[in-house]
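*Asks:* Following the hints, position chain B against chain A.
Here is what each chain is made of, one letter per residue.
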Amino acid sequence: MAEDAEAGFWSIGELHRQFTSRALSPVEVTAIYLDRIEATHDELHAFLLVTSELAFRQARASEQRYVDGAPLGVLDGIPLAVKDVYDTKGIRTTAQSALFADRVPRVDAAVVERLASHGSVLLGKLALTEFGAGVAGPTDVPPPARNPWDVRLSPGGSSSGPAVAVAAGLCAGALGTDAGGSIREPASACGVVGLKPTFGLVSRRGCIQLAETLDHCGPLTRSVKDAAIVLDAIAGFDPGDAGSAEVATPSVVELLDQSPLGFKVGVPASLIEAAGGIDAEVRDAFDAALNTLQASGAHVVEVALPDIEYEPAVFATILNFEAFAFHRSDAIAHPELYGRSFFKRLVAGSMFSAADYAQALRGRSLVRAGLERTMQTVDVLALPTRPRPAQPFGTETGGWARPSLRHPFNVTGQPAISIPCGFSGDGLPIGLQLVGRWFEEPQLLAFAHAYEQAHDWSSRRPG
Amino acid sequence: VKAWDESDPFVIAVRKHQTAEELAEIEAIVENVTTLLARLEESLENDADG
Chain A
511 MAEDAEAGFW SIGELHRQFT SRALSPVEVT AIYLDRIEAT HDELHAFLLV TSELAFRQAR
571 ASEQRYVDGA PLGVLDGIPL AVKDVYDTKG IRTTAQSALF ADRVPRVDAA VVERLASHGS
631 VLLGKLALTE FGAGVAGPTD VPPPARNPWD VRLSPGGSSS GPAVAVAAGL CAGALGTDAG
691 GSIREPASAC GVVGLKPTFG LVSRRGCIQL AETLDHCGPL TRSVKDAAIV LDAIAGFDPG
751 DAGSAEVATP SVVELLDQSP LGFKVGVPAS LIEAAGGIDA EVRDAFDAAL NTLQASGAHV
811 VEVALPDIEY EPAVFATILN FEAFAFHRSD AIAHPELYGR SFFKRLVAGS MFSAADYAQA
871 LRGRSLVRAG LERTMQTVDV LALPTRPRPA QPFGTETGGW ARPSLRHPFN VTGQPAISIP
931 CGFSGDGLPI GLQLVGRWFE EPQLLAFAHA YEQAHDWSSR RPG
Chain B
268 VKAWDESDPF VIAVRKHQTA EELAEIEAIV ENVTTLLARL EESLENDADG
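Top to bottom, those sequences are chains A and B.
With my numbering applied, the first sequence closes on residue 973, and no number is skipped along the way.
With my numbering applied, the second sequence closes on residue 317, and no number is skipped along the way.
Honestly, the hints are just simulated from the structure, not real lab data.
It is possible that some hints are incorrect.
Unchecked claim - If we take Cβ atoms under 7 Å as the criterion, some of the chain B residues that face chain A in the derived model are:
{"no.": "1", "residue": "296"}
{"no.": "2", "residue": "303"}
{"no.": "3", "residue": "307"}
Stated by the list, open to error - Rough simulated footprint, nothing fancy, chain A against chain B, three-plus residues with beta-carbon under 8 Å:
{"no.": "4", "segment": "269–278"}
{"no.": "5", "segment": "281–291"}
Model, not experiment: these values are computed from the prediction.
Beta carbons are placed, not taken as given, at the ideal position from N, Cα and C, and that holds for glycine.
Next up, chain A with everything else stripped away, as it sits in the complex (with noise of 0.2 Å):
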């Protein structure tokens, strides 16, 4: 059981390796996950659904596949999971809305297939928040994810069960999504690295919507280098989503090992002011890790951000509005079925007028090129993902209207990462949030590298 405990934290590469020395197989390691799945289910809650028979009915064709020595590269055989809004064909898929329990996708998303075709394990759907974007409470039903590090709070969200699940060893990484946040900050809670790529670079065909134009699918990982091996298998076009971008798309892993050296980094301290309340060891930890990133020979300098104060309107007005065109008739049908908070987003964004609307695409367009100017002086922004470590349930009210560190860079469909920082005095985890250029996530990745080679924040484990 100790030597199953150590394969539930293996990287993406080293599980590889194991496989292709036949030193393990991907069947052993599923069962592996599958039986720590169990173990920890009535205490975590990250799953939804286990596909214990798809899952070991891949793994014996992965398993074939090495035998044969013909593997269809490194995450063939590595067993992951997607939240639960994540179409998947035959099998359920809730979105952990009443709406939605009995939903079952005759095909799969488009990410989904990706990863399927580059010969993964799919191990079963994750929990969030509803829709992904309600509160959880401690008493909901289905239970809410707890986070591993102390079961008494909340892991974050809304991709809750994806970070509880990659923290606590029961995957090899996870798919979330993130429309104001919802990678990094449950990757910052639990202590997992959390990526929203550029939007436009990962399609969303398939995936359960919360807005459409601010919508993103990434990954969570415990490396930075995990994350860009599932990026590069999920990155690309795809003509079945509006919003897919038609670039070129370099492998991120091949190019994980450049320098930092000479890149400058900008602080956005007024953004990080306003936002407001950052505890003081959030604060201790993220002027360390700035003062790492300078001795591995960044530049740290502190940037503008021109007309970010309009950003909160925006945010709120453009999510709040495509939830609600989302949700219309199904919330005059059913209105019974939804939650409580997430209701309220759904009333909220009846009161905004088209006119209402139209002048947040106004902003956005305006907070883009401001952020756009500030990105020509610095590489990367560093700012703390979240203002405190994990709370307890019910504290987080998710503050869609007010300045945000994390909002803003779904406005400009911009790259962020979360990688942990440190730790509180508690022993809950730190994040630290990097936001690169459009479409430069080689560099943006290389730099979240570097840092993370620099501590072993990464290494650690919850209990």
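*Replies:* Using the frame of chain A, we list chain B on its own:
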């Protein structure tokens, strides 16, 4: 904040499932947002005027 049409089926659903207190809370947030949007509009118009 947009005036509600009480015959709109969504508004009817809201009246059934949302308390007056919850509605007032949402309305206050939306009002703050639309105030900021109005300020944004003013700023954009000023910029356009040179």
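*Asks:* Against this structure, judge whether each hint is valid.
*Replies:* Hint-by-hint comparison with the structure:
Because the beta carbon of residue 296 of chain B sits about 5 Å from the nearest beta carbon in chain A, less than 7 Å, this interface hint is met. Residue-level restraint check for residue 303 of chain B holds (minimum Cβ-Cβ distance to chain A is 4 Å; threshold 7 Å). Residue-level restraint check for residue 307 of chain B holds (minimum Cβ-Cβ distance to chain A is 5 Å; threshold 7 Å). A count of 5 residues in the segment 269–278 of chain B with a Cβ less than 8 Å from any Cβ of chain A is obtained; the coverage claim is therefore met, three being the minimum.
Given as covered by chain A, the segment 281–291 of chain B passes the check, having 6 residues with a CB less than 8 Å from a CB of that chain where 3 are the minimum.
Going through the hint list in order, the structure satisfies each hint without exception.
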